[in-house]
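Q: Protein chains in written order, with numbering that gives the first Met the number 0: chain A, 0 to 131; chain B, 0 to 300; chain C, 0 to 155.
Just so you know, these hints were derived from the structure itself, not from any lab. Note that the structure is a prediction, hence the values are computed from the model and not measured. Check each hint, because a few of them may be wrong.
[Unchecked claim] Partial list, derived from the structure: chain B residues whose beta carbon lies under 10 Å from chain A:
1. I179
2. K181
3. F189
4. P191
5. R204
6. L213
7. V220
8. G221
9. G222
10. N227
11. K228
12. V230
13. V285
14. L286
15. F288
16. A289
For every residue, glycine included, the Cβ atom is placed at its ideal position computed from N, Cα and C.
Here is what each chain is made of, one letter per residue.
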Amino acid sequence: MGEINAVKGERIGPLTMVATKTDLVKFAGSSQDFNLIHYDADYAISRGFPTVIVHGFLKAGYLAQMALEWAGPGAWFSEFGATYRGVDLVGQPILCWGVVTKAEKDRVEVELWTENVAQEKTTLSEGVIQWQ
Amino acid sequence: MILDIKDKNGFVFEEIGPVRCSIEDMVRWAGSCDDFTNFHYEASAAQARGFRAPVINGPWKAMVIRNLLNVWLGSEVKTLKFSIKYLDTDFVGEEMYMNGRVIEVISDSDDFVQLKCEIKITNGEQKVTTEAHCEVQVQAEQISEIPMARLLEVLEIGTPKGPFVYEIAKTDVERYSRVIGKKNPTDSEFVPTTFFGALDPIERRDLCVDDFLLELPLKKVGGGNAFNKVVYKRPLKTGEKISVTTTYVDAYIKKSGNRTLLFRVRENIMADELGIQVAHSRNGHVLAFALPSLSGSEAVK
Amino acid sequence: MEQNHQAWHSLDSAEAANLLASVGTVKYVSANTHKTSLAWSSISRPVHELQVQPPVDLFLICPDPLIFALSCGLPRSRTLDKQIDGGSEWEQFHDIPSTPLTAISRIASIQERRTSDMRHMIRSIYEIEFRNSEGKLIGIARGTSLDFEVATGEKQ
Chain A
0 MGEINAVKGE RIGPLTMVAT KTDLVKFAGS SQDFNLIHYD ADYAISRGFP
50 TVIVHGFLKA GYLAQMALEW AGPGAWFSEF GATYRGVDLV GQPILCWGVV
100 TKAEKDRVEV ELWTENVAQE KTTLSEGVIQ WQ
Chain B
0 MILDIKDKNG FVFEEIGPVR CSIEDMVRWA GSCDDFTNFH YEASAAQARG
50 FRAPVINGPW KAMVIRNLLN VWLGSEVKTL KFSIKYLDTD FVGEEMYMNG
100 RVIEVISDSD DFVQLKCEIK ITNGEQKVTT EAHCEVQVQA EQISEIPMAR
150 LLEVLEIGTP KGPFVYEIAK TDVERYSRVI GKKNPTDSEF VPTTFFGALD
200 PIERRDLCVD DFLLELPLKK VGGGNAFNKV VYKRPLKTGE KISVTTTYVD
250 AYIKKSGNRT LLFRVRENIM ADELGIQVAH SRNGHVLAFA LPSLSGSEAV
300 K
Chain C
0 MEQNHQAWHS LDSAEAANLL ASVGTVKYVS ANTHKTSLAW SSISRPVHEL
50 QVQPPVDLFL ICPDPLIFAL SCGLPRSRTL DKQIDGGSEW EQFHDIPSTP
100 LTAISRIASI QERRTSDMRH MIRSIYEIEF RNSEGKLIGI ARGTSLDFEV
150 ATGEKQ
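Next comes chain A alone, as it looks inside the complex (with noise of 0.2 Å):
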């Protein structure tokens, strides 16, 4: 079993990455989550959006995976949670923060976030990370 010298309150990231159409339509199609308004703009209107917004799962995907990258080799979330706090725009920049928030020897619990070019937090995660 693996495991990390974390200690509370280190921070994780941060990583900035930016939604493409085709980071979009790649994902729905390896989610098979074909929901329009991720790239459709006129439905993505039609349902009140000014264009096609980036999936939820996308955004929480990236705060888990850059965990995963910090926390190194073996490490998978056995808890994982999200909470959407507001939409992203594709081509737009999405930062990815976290913090670690417990550490024990082979358990660290983080909390991660996602905040858009206006700093507002747009997805709240958190989790917890275990070493096989």
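Given chain A's structure and the hints, the job is docking chains B and C onto it.
A: Then chains B and C, alone, in the frame of chain A:
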């Protein structure tokens, strides 16, 4: 307010006012349409031209009136034709009153009613400063509430649906990993943390129970996943076949500002080929509506 | 309302007949999220009944047809003493697509008129056609400029 179709001919809309436009509103307007003519927001420039105060931009009044049609006739009203004449000056900081009425029913079908309306702006001295005419199309039947009884019927709260069996395909996992920024997408047999979303029959549209919500004649102002939470017993691996059972556990409405948020919450139990539970997720989806006349908040369970 | 933009062209009466049907610079336009938010905030702050921002329509694409036409390089009559915005008109035939619209502005009419108190006035109507990428007419916006004599006592 929604126009009662029976009473449409000669219908008089509720007066809006007094409305007072500020310098800041004029500056915002200037920025929006690149008209930086200074007597709309600078008192000294207005006075130099003989006006007692900054002059309200005419198209600003047009936009107010055009949007009041949504207040008077409901959010789904379509403006087909709109003309406006500026008869006199309105000034920043001074009172304006907006009045409107239906002056003609152009056509009336099962689906739509086409109306001609007249709207006037009067100042504090009851002088008409602006006159507009418009042709609008209104849906013949409008609803003002989310039909919760119908929704609860189709969701069957507490009744499991499935199982739906999904094989975790290597190509999907690799593509998914690349998009979320995994540096070496093929270096691990573990699937990405959030891949449980790709094993959700609702996200995959293998289970479509509440599609009618999107067809409701209500203005939609956003929505999507509200939250997703997962607890894994172990990491999922590429190539596994996972059985998923979905159960709706909750549906409720919340008010947020002027939006009405409809939440549907479901739980997924994921099991491997041996029938052993490997993960459990709880997922909330939200649809946001701008309801024309919903008063207060209500929670329905 | 009066307009006074230094960059706009002036027009004298001798030119007027020649300029009828003049076409301005072609523009490609779509709703600008920042600008539509600004416009919306400018009206929803003072008018509390306005609570829900509407979907994009021709109003948001072209909130001020006169300003729009002048920004396309079309001249404005400044032969007489005072120029004001005489009014606007919008006609929308189809929903606004997400792709940019082609906007072609022209001077549709220039007429000499008299005000109710017999002062000279030149009324110019500017017309802007908005077409989608397939050339389909999505809507038309019209702006009116009035150029008129002020009463003798008002002249400065």
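Q: Does the closest beta carbon of chain A sit nearer than 10 Å to the beta carbon of F288 (chain B)?
A: Holds - the Cβ of F288 (chain B) comes within 10 Å of chain A, reaching about 9 Å at its closest.
Q: Is the interface hint for G221 (chain B) satisfied, with its Cβ closer than 10 Å to some Cβ of chain A?
A: 5 Å, holds
Q: How about L286 (chain B): closest beta carbon in chain A under 10 Å, or not?
A: 9 Å, holds
Q: Holds or violated: I179 (chain B) as interface residue toward chain A, Cβ cutoff 10 Å?
A: Since the shortest Cβ distance to chain A is 3 Å, the answer is holds.
Q: With chain A as the partner, please determine if K181 (chain B) meets the hint condition of a C-beta pair closer than 10 Å.
A: Cβ of K181 (chain B) sits 5 Å from chain A, so the hint holds.
Q: Hey, does the V220 (chain B) contact hint survive, CB to chain A under 10 Å?
A: Holds. Min distance 4 Å.
Q: Can the hint on P191 (chain B) be confirmed by a CB-to-CB distance to chain A that is less than 10 Å?
A: 6 Å, holds
Q: Holds or violated: is the Cβ of F189 (chain B) closer than 10 Å to a Cβ in chain A?
A: 6 Å, holds
Q: Taking 10 Å as the limit, does the beta-carbon of V285 (chain B) come near enough to a beta-carbon in chain A?
A: The hint holds - V285 (chain B) has a Cβ within 10 Å of chain A, the shortest such distance being about 8 Å.
Q: Can we keep the K228 (chain B) interface hint, with Cβ of chain A closer than 10 Å?
A: 3 Å, holds
Q: If you take the shortest Cβ to Cβ gap from R204 (chain B) to chain A, is it below 10 Å?
A: 7 Å, holds
Q: May I ask you to test the interface hint for G222 (chain B) with respect to chain A, counting a Cβ-Cβ separation under 10 Å as satisfied?
A: 7 Å, holds
Of the hints listed earlier, there is not a single one the structure fails to meet.
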